[in-house]
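Quick note, the sequences are listed as chains A and B, same order.
Residue numbers for the first sequence follow our numbering, so the first one is 1 and each next one is one higher.
Residue numbers for the second sequence follow our numbering, so the first one is 201 and each next one is one higher.
Because the hints were derived from the structure by calculation, they are not lab data.
Just to be clear, a hint being listed does not mean it is correct.
As the list claims (entries may be wrong) - Straight-line alpha carbon distances no greater than 27 Å define the calculated DSSO-like cross-link-like pairs of lysine-lysine that follow:
id : chain 1 : residue 1 : chain 2 : residue 2
1  : A       : K175      : B       : K938
2  : A       : K142      : A       : K175
3  : B       : K938      : A       : K142
4  : A       : K176      : B       : K938
5  : A       : K142      : B       : K438
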Amino acid sequence: MKESAPGAEDYDGIRVCDHPVPPWWKWLFVITIGYGMAFLLWHFITGGSTARDAYEAALAAQAEQRTAAYGELAADEATILGHIDDEAAMAGMAGLFKSKCAQCHRVDGGGSIGPNLTDDAWIRVTHVTDIARIIGEGVAVKGMPGWEGMLTPTQIVLLSSYVARLQRHPAFDGKKAEGEVVAPWPRAAPASPPEETPGP
Amino acid sequence: MGAAPAADADPIPKDRFAYDDRIAGRFAAATIVWGLVGMLAGVWAALELAAPALNFDLPMLTFGRLRPVHTNVLILGFAGNAIFAAVYYSAQRLLKVSLPSRVLGHLHFWCWQAVIAGASITLPLGITQGKEYAEPAWPLDIALTVAWLCFAINFFVAVARRRQRHLYVSLWFYLAAIIAVFVLYVVNNLALPAGAMKSYSLFAGARDALVQWWYGFGIVVFLLTMPLLGAMYYFLPKAAGRPLHSRRLAIVHFWSLVVLALLAGAHHLHHTAAPAWLAALGMVFSIMLWMPSLAGVINGLLTLRGAGEKIAEEPALKFFIAGLVFYGISAFEGPILSLGSVNALAHYTNWPIAHVHIGGLGWVGLMIFGLLYWLAPRLFQADLFSRRLAGAHFWIAAAGALMWVFPIYAAGVLEGLMWRAVDSTGSLAYGGWLEITARLTPLYWIRALGGVLYLFGAAMCLVNLLLTWRGRPAVYDEPVQEAPPLAGRYVDPPAPASRLENVIGLARALERLGQGHWHRRWERLPGRMAGVVVIAIALASLIQIAPMLLIRSNVPIIDSVQPYTPLELAGRDIYIAEGCFNCHSQMIRPIPHETQRFGSYSRAGEFIYDHPFQWGSRRIGPDLHRIGRRNTSVLWHVAHLRRPAETSDGTIMPAFPWLLEEELDFDRVRAAVEAMAALGVPYEIGRADPAGEARRQAGEMSARLAGEDATYKGAEIENKQIIALVAYLLRLGTDIGKSAPAADDDDRLIIGAGGDWELR
C-alpha cells in the first residue's frame, strides 16, 4: 500500500491543512523575542536597574517625606505633649500603632497581652518621656520588642504622643488596670505646625 | 510521492489488532471521582477563609492541611487521570498500535490511584514535604515515579511499534510531556529521607526556591497544558469533523513551548532574595511565551470553521471552545503578571490565585469535561445518557468559573493596593493587617458560591457518566483494526524546489526552513524528536540551576546567620507539618511599604540552612520572616496559636489548640539534626546532645513564659509541641541583627561544642 504524501494522509481520520502562520502573529512573536533579548542584554551588561536600586531610591524619598514635615524631634516632655493635638501626625500614628502595637495592646489600646494603655494606671511610667524610652528599649522580661532601629527617633516621639493621647478614649472593655496610677499629663503649648510640604 | 514497492500486485499483508479501551475507561472513571474529591476540598477551604469556624478546631481540616489536598488531588487525580485516558485512547489510534503491555497499564493505573489516595490520607495528618504541588511524602513520590515510568514505557514501545510512520501533532505534545514531567518531578523531589514519611529537601533557601519554581511552572505547563493541548489537537478535529487548521502553526506552537517554557518559571521570584538576573530571565521568557500560547488557541478555534452544526449538537465541543478561550485569557494574563512592575503589586495577593483558577477551572477543567463527554459514549459503547444534562453542565460550569475568578481578581487588586497605600506623611494607610482581611470576606463568599456551582456541575457530570456506563453492553465490542506494518525502507519525498529567483543562498535556506519540510522528516524520527526535547529541556534548566548552585555570589553568605537550634528545628518541622506556608510568606521584598510593615528586606544568605525553603507564595496572613523581631512575646505566640481570635480581632486563622496538648517528640530531634548535618548544615553532632539541648531551651522558654504571665507557671508547656514552634518563630529573621560568632579555622562553624547552645 502506498504511503501518502502530507496533506493526503490522515491520522485516524484527522486531516491536516497547512495554512500559513498569520503575519501579525509572526511579527508579534518576533518583536517579543527581540525585546526580550535586548532587555536581557541590557540587564546583564549594565547590571540592570535592580529592585534594590529602586528600593533605595524610594526609601530615601520616603524618609525625606516623613522627616521633612517634622524634622528631627527630641524626645522631651514638651515635644511629646505638644504633638498630642497635631491631628495629621496622630492620624499617621494611628496606622503605625495598628501595624506594630495593636497585636498586643489592641487596636483601641485596651490591652490583651500587653497592658491597657487607655486607663490611668502605668507600669514603669511616671512621665511621658518614659513612654518614649519604653517604646525604644522594649520590656524584654514581658516580651515587648524594642523598636529602636526599626522606627526612626521622630516616629518614636510621635508614637509616644499617640500613646499619651489614648487616655482620652478609655477602652470600653479594656484589660484590668496594672501598675500605679499616674496623674494626668500636664497641658503643654501645641508644637508649631509643620511646614507646608509639597504633595506626595 | 513515496517510491512504490516493486510488486504492486502483491500487497503487503495487514496486521490485525484491537485497541484496548478498558484502560482509558478506568482512567476516565477515576478522573471524575477524584475531581469531585479535590473540588470539595477546594470549596471547604474557600469557605474556611470566609468563615473560619468551619475549621472546627480539627487538625485535619485546617486550611494549611486542606489546601495541599485540594491541589494534589486535582492535579494528579482530576487532570492526571484525564490526561492518561486521553493519551491511552488517542495514541493507540494515532500510532495504529494496540497497547503494548496490559500489565504495565494496570500497574500504572493502580499505582497512580494509590498515590492519590495515600496523599489524601497523609496530607491532612500533617505528613508533608512542605513544597507546593510536591507535598506528598517521599514514598509516595517514588510510587508516582514508578507509575510514570510504566506509562512512559508503554508509550515509547507503542511509538516504536507504530504502523503510522509520521507522528501526528498530539504525539509530539505527549512525548515532550512524558520526558519533561519525569525530569521536573525527580529533580524537585530530591530529598534526604529522615524517617518513614519524613524528608528534607536536598536544596536550601534561594536555591530551593529556584528549583521549586522551575518545577512549579514547569509542571503546570508539561503535566497539565502540554498533554491537554495534545488532546485538543486530536479530539477537537475529531469531534468537529474538520481538518486541523495549520500544520505549520502547530510546529511553531510546539517547539516554542518546549524551548521557552522552562525558563519562565523564575517569574515567581521577582523582588525576592533570589538574584535579579533569574527573575529577569523569567520575565523575558514569559513574555516570549505570549504568542506561542495564542498559537494553540488560534489553531484550535480556526479548526472549527464550518463546524457550526456540530457545535450545537456535540456537548464536548462547547467545552473545548470555552476551554481554549480561557486558555487564551490565562496565557495572555500570565506574561503580564510576569512584568516586574505588575508583579510588585500582584505577588502574594489573590491575583495569582485568580490566574491559577482561570486556567484551572476554565482551561483544564472545561477541557477535561469535554474529553469525558466525548470519550464516555465511545469507551462505554453506549449513548451519552443526556446531552441536555451535559449542555446544562456547560453553562453551570462556565458561570461557576466566572463567579469564582471575578471576586478574586477584585480581592487581589484590592489587597495589593491597600498593602501599599501610604498617607501624606509616608506612613502606611492600612497599618492593621486585619482591617484589610475584613474587606475581603464578602468577596470570599462570592467565590465560594462560584466553587459550589462548579462542584455541582461536576456532580452532574458524574451522574451523566454513571448512567451512560450503566447502559453499556454486556460484553464490549472490540473491533478488529487492520493496518500493514511499516515498510522497511522509506525515502522522504524530495522538498519542492524553491520558486525564488535571483536571491542569495541564505534566502533560499530560510525559505526551506519556513516550508517545514525538514520537520516532516523529524516527524518520522521520534528518537530524534525526543533527543531534541531532552536537549532543550536540559539547556533551559541548566542555564538557571547551574549558576545558582555553582556561583557563590548568587547567595552571599552572611556571617551572623547560624543554623537553627535543635528545638527550633523541631519547631520548623511543626511549621511545615501544619502547612503554615499556605497562608504566610517568609520573604520581605525591598519595597518601602513592605519593609515599613514587616521589617528590613530578606537577604538570600538568611535562608541557607532552610531545607526546604518556606518563602511561601501567598499572604493570607502577614509575612513572618522577621516575626522574631516584631513579636518577641512568648505569651503572645502561645495565646495566638492556641486561639487566634483572642489576640487578633477579626482573624481568619484557624486555632491550633492541640499544639498545647501534643507532646513534643524529643527522640526525633537527633534524627533531624543528623539529617541536616548530612545535607551540609554545619552542626557538630559528635559530642553535642541535641535532645538534651532542646529540652534545656524548652525549659528556658517555659520560664520566660511564666515570667510574662504567672498563670503559665507549672503548666508543663516545655514538653509540648507549641514550645518548639514558638522557639522557631522567635528565631525568625533575628540573625542579621547579631554580630558574627568566631569562626573555626576550616570555615565550619562549630556550634554546641561541649553541648552548650546559645539561646537566641
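Quick rundown of the hints versus the structure:
1. A threshold of 27 Å between alpha carbons decides the hint, and for K175 (chain A) with K938 (chain B) the separation of about 35 Å lies outside it, so the pair is violated.
2. For a cut-off of 27 Å, the pair hint linking K142 (chain A) to K175 (chain A) stands: about 16 Å separates their Cα positions.
3. Note on K938 (chain B) and K142 (chain A): the hinted pairing holds, with a Cα-Cα distance of about 21 Å set against a maximum of 27 Å.
4. Taking the CA atoms of K176 (chain A) and K938 (chain B), the gap is about 37 Å. The hint is violated against a cut of 27 Å.
5. The hinted pair formed by K142 (chain A) and K438 (chain B) fails the criterion: a straight-line CA distance of about 72 Å is larger than 27 Å.
Hint compliance for this structure: hints 1, 4, 5 are not met, and every other hint is.
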